[in-house]
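S.K.: Please build the complete structure, drawing on both the sequences and the hints.
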Amino acid sequence: MATLNLLVLVCLLYVALLFAVAFGADRAALHGRSRWLRSSLIYTLSLSIYCTAWTFYGAVGFAARSGLEYLTIYLGPTLVMIGWWYTLRKMVRIGRSQRITSIADLISSRYGKSTLLAVLVTVIAVIGTMPYVALQLQSVALSFDAFAEAEPGGRAPNTEATALWVALGLAIFTVLFGTRNLNANERHHGVVMAIALEAVVKLFALLAVGVFVVWGLSGGVGDTLARIDASNIARWEVSGSRWVGLTMLSAMAFLCLPRMFQVMVVENEDERHLRTASWAFPTYIMLISLFVVPIAVVGLDILPAGSNPDLFVLTLPLHAGQDGLAILSFLGGFSSATSMVIVAAIALSTMLSNHIVMPIWLRMSGKHAMMSGDVREVALLARRFSIVFVVLLGYAYFRLSGGGAALAAMGLVSFAGVAQFLPAMMGGIFWRGATRAGALAGLLVGAMIWFYTMFLPSFGASLLMPQAVLDHGLFGQDWLRPYALFWTNGMDPVVHAVMWSLTLNILTFVTVSIFSFPSPLERLQGAQFVNVFRHTSTTGTWSGGLGQSEDLLTLAQRIMGAVPAQQFFAAAAQRQGLEGYLPEPSTDFLQELERELSGSVGGATAHAMVSQIVGGATVSVEDLMAVADETAQIMEYSNQLEAKSQELQRAARQLREANDKLTQMSVQKDSFLSQISHELRTPMTSLRSFSEILRDSDNLTSEETRRYASIIHDEALRLTRLLDDLLDLSVLENGQVVMNEQVGTLQTVLDRCTAMAVGEGRKLEIIRNREAEDIVLHTDLDRLAQVFINLISNARKYSDAEAPVLTIRSALDRDRVLIDFTDNGSGIPTEEQSVIFEKFARVGQNEAGGAGLGLAICREIMQRLGGSITYLPGQSGTAFRVTLPVSTRVAAQ
Amino acid sequence: MTKKVLLIEDEPNIIEAVSFILSRAGLDVKTHSNGHDAVEAVRARDPDLVILDIMLPGRNGFDILQDIRADADLADLPVLMLTARGQEKDRELAKRFGVSRFMTKPFSNAEVLEAVRDMVAP
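These protein sequence lines are chains A and B, in that order.
Throughout the first sequence, residue numbering follows numbering that gives the first Met the number 0, covering 0 to 892 in sequence.
Throughout the second sequence, residue numbering follows numbering that gives the first Met the number 0, covering 0 to 121 in sequence.
It should be emphasised that the hints constitute simulated quantities derived from the structure, not laboratory data.
Mixed in with the good hints, there may be bad ones.
Said to hold, decoys possible - Dumping the calculated DSS-like pairs for lysine-lysine here, alpha-carbon to alpha-carbon at most 27 Å: (1) B:Lys94 with B:Lys2; (2) B:Lys2 with B:Lys88; (3) A:Lys668 with A:Lys643; (4) A:Lys660 with B:Lys88; (5) A:Lys643 with A:Lys660; (6) B:Lys94 with A:Lys668; (7) B:Lys2 with B:Lys29; (8) A:Lys838 with A:Lys668; (9) A:Lys838 with A:Lys660; (10) B:Lys88 with A:Lys838; (11) A:Lys668 with B:Lys88; (12) A:Lys838 with A:Lys796.
Said to hold, decoys possible - Chain B is nowhere near these chain A residues, computed Cβ spacing over 10 Å in every case: (13) Trp83; (14) Ala569; (15) Ser676; (16) Leu686; (17) Phe689; (18) Ser696; (19) Val736; (20) Asp750; (21) Gly866.
To be verified - What the simulated footprint calls covered on chain B by chain A, stretch by stretch (three residues with Cβ under 8 Å from a Cβ of chain A suffice, anywhere in the stretch; the number is not a length): (22) 1-15; (23) 19-33; (24) 80-86; (25) 100-107.
Just so you know, even glycine gets a beta-carbon here, dropped at the ideal spot from N, CA and C.
M.R.: If you want it as C-alpha cells, here you go:
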C-alpha cells in the first residue's frame, strides 16, 4: 500500500506542479511577459497532445497485437505536418481573421454562420470524443490497478471505481484549469504551458522506459533486434488497405479532432510557429514511437502470457522491481491522459456552451440577460458543466464498452467519427461552391454511417446493437449489415466503416452543394475563407498595414491636398498613440477617411477607393491614382472658376451699388433742380406779372403802384436770399467753408441775435434765462449766430400763436451746452418732424415765402461746429434743441 | 353775363396779380388757396373756368384735375393749369388727365388774359 499511497502523493504533487506552471504562465501573460510563452517550441510541444495515453500505453499494445501497423497513427500527422503545411497555415489564418473559437465555429462560420451546423458538429464531436476520453480513463485506471496488483497482498482491483475517481479528478482538474477565466480569444496560456510540460514528461518517461528495456532488460541494441526478428511482429501480414486507410484516417483526425484544432488553430500565437512545428512535431512523434516495438517485443517475451500489452510500459519496470521508473512511467501515462482530457474537455465545452447552452439560455432569458453582466457568469458555468458532462460521457462509454477493449480500437472509433468533419471543412476552405446544405447533408450521412458501422458495434454485440443486426443487417436487410454495407463482405471493419462513411459523406456533400444555392452570407463567408490569403495581411506584423496606410495617404493627398491630408493622417495616428503620419488602417480610421474623402469625391467613390486599397484589388492602385489626379485637377479648375466667379460677383455688386448711387444722385439732382426751378420761378412770376401790371395798366392808384412796387422789391430780395442760401448750403455741403474760431460767451451771441430780430416784421416776445448763458464758447460765433437767427426768424414767421413767444433756455450738460428754442405755437406734426431738416421742406402753407433751406443750412452748420440741431418733441410748441460742445475747438476743415 | 373764374393758388403775390388782371377784364374771380378741399370749392362756386396750380398745400393739382374730370357735372369744365413746373412730362401728364390748357410761370399777363377769354367764350 505504501507504493500506491506514494503514487497518489506523487500524482497530487505533479498536479500541484502543473497548477503552478499554469498559474505562472497566466500571470506572465497578464503582465505582458509572455514572449517565451509564445515561442514555437511551446507551440510544437502543445501539439503533442496528439500523443495521448493511446500513444503512451496503446501504441505498445497495438504493436504487440498488430505489428508495425501502429506506425500509421503517426504517419498520418507527419504527412499532414510536412505535406499539408499550406492547408494548416490557411486554417490558422482563417481562425485568426475570423476569430474562430472551435472547429464547430469554423464550419458554421464558413456556411453562413449556421447554428444548425454548429449544433450538428458539436454533437458529432462530443459523441466522437466519448471513446477517446474513455480510452484515457481506462488507461489511467488500468495503470493504477497495475500498481495495486503488483503490491504484495493487494486487494482485488476495482477498475470501474478507479475509473470513476479518475474521471471526477480529471473533471475537477479541467474545470480548475480551463475555466478560471473567460478569454475573449479563447486562449489559455496556462493550459498550453502545462501541456507543454506534460509533453516533455511523457516523452522523457517513454524514452526512459525504452532505454531501460533495451539496455536494462534486453541486453543492448543487437539483442533487442534479434528478439524483434524472432517475434511475431516481424511476421505480421501487412494489410495494404488497412495501412492506407489508417494513415489517411489518422491524418484526417489530426486535422479534425476538436482538441487538435484547439491547440493548432485557436491557441496559435503566430503563423510562423507552424513552420517550426512542421519539422519539430514529426521529430517528437518519431522519438516517442522509437521504443514502441522493443517494449512490445520484450514485454511479450518476458511478461507472463495473458498480460495486457497495453500496460507493458508500466508492467515491465514493475516486473523488474524498478518502482522509481514505474512511477515515472505512470506519470508519463498520467500526463498523456490528463493533457488530452483537459484540452478535449476545454474544446468541447467551448463548443457546447457557445453553440448549444448559450443560445438556448439567451433565447429563454431574453434581452434583459444580454444587457446585464450575467452572460459571463452563465458562460463560465455552462463551460464547467460541459466539462463535467464530457468527462462523464467518456466514463459512460468506458462502462458500457466493458472496460476491456483495446485502447487503439477505441481511439480509431473516435478518429473515424471526427474525420467526418473533413469534407465540410476542407471543402469550405478550398471550394467556394460548397454550401450549407451540402455540408449538413454530408455530415449527417457520414456521421450516421459511422454511428451505425463503428460507434454502436464498438460496444460489442448485443449491448447497443443486437447480434441479429450485426449478422443479418437492419430489418433483416443484408445490404445493411454494419460490417458489410452494400454486400461489401470480408473488409476490415475499420477500413469498411471509414471508406463507406467518408465516401458517402463526400459524395453527398459535393452533390448537394452543386445542386443547392448558397445564401448571400454563405457566399461572402465562402469567399473570405477560400481567399483568406488575399484578404488578410500577415497577421501579427504591422508592416503590411502601414503600407496600406501609405497608399491611403498618397491617395488622400491627391484628393484633399498635401497639407490637409498629412494633418488628417497625423491626427489619426496620434489618436492611435502612434508617431508620424501613418495610422493603423483600423475600421474606425477607414470610416473617418472615407467620410473625409467623400466630401471631395462623393461617398460611393470614396468607399470604392478606400476598399480598393484596403481590400482585394481588381482595379490597380495606379488607375485609382489617375482618377484621383483628374479629380484634383478638376477641383482645382473649379476652385479657380469659383474664385473668378466670386470676383465677378463682387465687381457686379460694386457696379450695381455705384449705379444705384448714381441713379439716386441723378434722381436727387433732378428733384433738386426741379425744386430750385420751382423756387426760382415763383418769385420771378410775381416779378414779371407785377412789372407788366405796372407797365401796362392805366389808371392805377398811387396806393396800388406803391404796393405792387414793394411786392416786386420783396420778391427780388426773396430771390436774392434764396440764391444766397443755395450758395451757402452748397459750400457747407461740399466742406469748402472755413470756420473761424472765436471766443465769446453764449450770452453775447444770443444778445446779438435777438437784437437783430427786433423790429423785423411780426412782433415776437423772447424769454431767456440770461444767468445760465454765461458760458464761454470756442467756436465760429458768426455761424452759430446764423443758426440762432434762423430759429428766431422761423418762430416769428411760422408760429401760429396770436402773440408769439419764444423761450430760449440754455443749460450745461457735462461738457455740452444745450440751447432749447421753444415757441408757444401748435408745434410740428409728428410725421413731418423727420423731413423738416431736408432741403426745400416746408411745413404747412408757405405764406412767409421761405425757400425751405434754412433748417437744412442750420443742420450743416451745427455738424461743422461739432454739435447738432434736433427737433425736440413733446414740448408745448415747436421746439428745437441746439447742442454744442463747450471746449471743443473747431478743427480746421 | 359775367363769367366766373376760380383761381386755385397758394402763393399770395400770384393770387393778387392774377386776380388784378382778370378782374380788370371784367371777370368774376374767386380764389382758393389750398389743395385738400379744392374740388369741393369748385362744386360750390360753380365757375365757368378753373385756373389750377400744381404745387399746392394738402393736395396736388393733378389729383384735383382727375377728380374734376371724374365728376360728371364737371367733366366739361375748362381747366387752365398755371404752374411753375414747366417740364414736358408735367405737360404730358396734365394732358392725359384732361387739362384744357397748360401754361407755365412766369407768364405774360396778356397771354393769360387771352387764354382765359378764349376759354370762357360761349
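S.K.: Each of the hints needs a verdict: does it hold here or not?
M.R.: We went through each hint and held it up to the structure:
{"no.": "1", "hint": "B:Lys94 with B:Lys2", "result": "24 Å, holds"}
{"no.": "2", "hint": "B:Lys2 with B:Lys88", "result": "31 Å, violated"}
{"no.": "3", "hint": "A:Lys668 with A:Lys643", "result": "36 Å, violated"}
{"no.": "4", "hint": "A:Lys660 with B:Lys88", "result": "24 Å, holds"}
{"no.": "5", "hint": "A:Lys643 with A:Lys660", "result": "25 Å, holds"}
{"no.": "6", "hint": "B:Lys94 with A:Lys668", "result": "26 Å, holds"}
{"no.": "7", "hint": "B:Lys2 with B:Lys29", "result": "11 Å, holds"}
{"no.": "8", "hint": "A:Lys838 with A:Lys668", "result": "12 Å, holds"}
{"no.": "9", "hint": "A:Lys838 with A:Lys660", "result": "19 Å, holds"}
{"no.": "10", "hint": "B:Lys88 with A:Lys838", "result": "23 Å, holds"}
{"no.": "11", "hint": "A:Lys668 with B:Lys88", "result": "17 Å, holds"}
{"no.": "12", "hint": "A:Lys838 with A:Lys796", "result": "18 Å, holds"}
{"no.": "13", "hint": "Trp83", "result": "106 Å, holds"}
{"no.": "14", "hint": "Ala569", "result": "72 Å, holds"}
{"no.": "15", "hint": "Ser676", "result": "7 Å, violated"}
{"no.": "16", "hint": "Leu686", "result": "7 Å, violated"}
{"no.": "17", "hint": "Phe689", "result": "6 Å, violated"}
{"no.": "18", "hint": "Ser696", "result": "7 Å, violated"}
{"no.": "19", "hint": "Val736", "result": "30 Å, holds"}
{"no.": "20", "hint": "Asp750", "result": "34 Å, holds"}
{"no.": "21", "hint": "Gly866", "result": "32 Å, holds"}
{"no.": "22", "hint": "1-15", "result": "holds (count 6)"}
{"no.": "23", "hint": "19-33", "result": "holds (count 5)"}
{"no.": "24", "hint": "80-86", "result": "holds (count 4)"}
{"no.": "25", "hint": "100-107", "result": "holds (count 5)"}
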